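S.K.: Sequence:
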Amino acid sequence: MRWLVLALLCLQLGQGMVRIPLRKGRSIRDVMREKGVPEGTLKDLRGDPGRKYQLSNAVAYEPLANYLDSFYFGEISIGTPPQHFLVLFDTGSANLWVPSTYCQTPACVDHARFNSSLSTTFSGTGTTYTLSYGFGDLPVVLGHDTVTIQNIVIRNQEFALSLDEPTRPFYYQDFDGILGMAYPRAGIPGYNTLMQNMLQQSQLAEPIFSCYYSRNPTYSYGGEVILGGVDPQLYSGEVLWAPVVQELYWKIDIEEFSIGPSATGWCSQGCHGIVDTGTFLLTMPGQFLSAFLQALGAKESDNGFIVNCSDIPSLPTLYFVISGVQLSLPPSVYVLNNDGFCTVGVQSTYVPSASGQPLWILGNLFLRHYYSIFDMANNRVGFALSA
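Under mature numbering (1 follows the signal peptide of the UniProt record, and there is no 0), residues -16 to -1, 1 to 371 are what the sequence shown spells out, in order.
Treat each hint with caution, since some may be false.
[Said to hold, decoys possible] Just the calculated beta-carbon pair ranges, DEER-fashion:
1. D323 with R139: 19 to 25 Å
2. D286 with P173: 36 to 42 Å
3. T112 with S186: 45 to 51 Å
4. Q88 with T114: 17 to 23 Å
Don't read these hints as lab results, they were simulated from the structure. Every value quoted in this text rests on a predicted model; they were computed, and no experiment measured them. Quick reminder that beta carbons are idealized off the backbone N, C-alpha and C, glycines included.
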């Protein structure tokens, strides 16, 4: 099976394109404590008293944090009494896993670990499984327990507990685990995903969820995931719907790609795009990367694809044609400015599409610009300009 987000985590770290420290610094928990946010209470970090994160028993707003302008993650709890974890809400994978006390590697010890002996509702299966990654394997043992996300409570949820975790990339991440939100076929065979159980246990008003990512994220507010609905306050204009072409990942058709006003023709025979909240960068088919960088005048270095920060206003806008509509991505979005050091937030997609079409991954850089809606009932993804 493929867990694209984690292989890309390793690849991005190796290329130096995600601004993550080379050695462990203060964690997001450390920062939160310094700001007076108690552990286990990652609630409305925007400080907006009028914002409700629990609208009903069927809709929940899950606030997201962001550290060092990298990945977006929120808090869940597992077990009784609850044990708290920061997880990446990932549409590019399908399983829930967290570190466990069975694991003694530095990557585990430095994060929150689930202790099954402390939960009165935990039941183990004794089944072990190996999750395959681009950088190696992650052995886990499977179990069941209660999972809570804001006001949503999922009983007897299958999840994985890590037995071993490689230092790179996990030691350097400020989230503990991953909550997969892709289709069940992308998950461990024979086990229900969390999204399946939410629906079967009537925890969602509608079989839908949506994501908002702030263009200027901070540890205090990075965005939010809305489970069971959409929030019109977080986007403007009409929603563009694109059908899912393969019920494995949230994969859609891309009909054309343009650099400025000029269509490249790269998708004349069709391209696919995976809408992946677990990938930070925009990734493009490897065969197009060189021509793309040349068109932007970007220079390759050990720290990414560099452009002059003063040139950003004159760089071309990128356009994706999806469902017959052009979705723009301006240079202010796809260029990362790190204190005057500017890089193009793109890399090569390292895997081909199973159906042969050139494969793009629309990661967080794209999704900062577009509010995304994942419609499980109608197998479609919606995009609207973020507010």
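S.K.: Are the hints correct? Go through all of them and say.
M.R.: How the hints compare with the structure:
| no. | hint | in the structure |
| --- | --- | --- |
| 1 | D323 with R139: 19 to 25 Å | violated (47 Å) |
| 2 | D286 with P173: 36 to 42 Å | holds (40 Å) |
| 3 | T112 with S186: 45 to 51 Å | violated (32 Å) |
| 4 | Q88 with T114: 17 to 23 Å | holds (18 Å) |
Going through the hint list in order, the structure does not satisfy hints 1, 3.
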